[in-house]
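Undergrad: Position one of the sequence shown corresponds to residue 3 (this note's numbering), numbered consecutively onward.
Note that these hints are calculated values from the structure, not bench results. Careful, some of the hints might be misleading.
[Claimed, not checked] Computed spacing ranges between beta-carbons, pair by pair:
#1 Trp29 to His212: 12 to 22 Å
#2 Pro112 to Thr257: 39 to 49 Å
#3 Thr22 to Gly164: 34 to 44 Å
As the structure is a prediction and not an experimental result, all values here were calculated from the model. No residue lacks a Cβ here, since even glycine has one placed at the ideal position from N, Cα and C.
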Amino acid sequence: MARGGTGFFESDRSAAEALTEVRRRGWAVGVHWPLVFKDPQQPRWFDSRAAVRQAGLDEATEAVRVAAGAGADYVLFHFPWPGLLESGVDYFAQGWCFTTPPVAEADWPPAATVAWADEVLGRLDDSGRAAGVEIVLELDGPSRLFYAGPPEGDVLTRLMEGRPGLGLCLDTGRLGLLALTHGQEPLALARRWYRQTSHLHLHAANWREHVNHVPISPDHRASDGWAPAADIARELAPARPGLRLVLEHSPSLATPEEHEATHRWVRNLPNQD
């Protein structure tokens, strides 16, 4: 079944009209929170102010209610949010762009960060399962804490264990930037989270050439600076029949022929070796 991922509409009316059209087409509905654009764009779960963190949890509960009311089968949040930044690192020079003010990691000792993340994910898992809505976490921000540890037992993996209501979304372009920032190999970094991944955002990016959101191509090579979007998709799609694939290129950066070639290649992914 085709799926319609909805979010960031300019008004409640435009969101309602889009949801009506998605249902008319017989597509399954998903919500990329916020459904209607606002500022800040995502719950500030790691804000230094306790009242703002609590407001973020309350907002997430409301998001699940809205998603369930819209007949959605998932609601997606960015996590961890806002980004946690190490001191002395020029993230902007590396290619990071923050749509909401980040937070200094110095405000969050590792033990406190993990404990609070555990509470947040526990609340999300409980509310999602109660509503029958999958909670999808799109890995975001440059904090190395969440993938500290061996691949089979890093912090993020441990936090998601035993929480069947949670799924992970890998954005291939952001994953490539995360790997570049911390001296990791991007494909190896992605593989540690395949088991939890239910969504894959196919985001073609070349941080060496400052190219972003062009159509994904099987000809993009990591050796040339491209995030390994095609390689990740080839590995994940056959192994995860229910995987949701989202093409994240800008329509203005592709010709009609490139659009069709990209769609044709993605449709054939389950049959590729």
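Undergrad: Against each hint, give a clear statement of whether it holds in the structure.
TA: Hint check:
Between Trp29 and His212, the C-beta spacing of about 35 Å breaks the proposed range 12 to 22 Å. Pro112 and Thr257 have their C-beta atoms about 48 Å apart, which keeps the hinted 39 to 49 Å range intact. Against the hinted window of 34 to 44 Å, the Cβ-Cβ separation of Thr22 and Gly164 comes to about 38 Å, which satisfies the hint.
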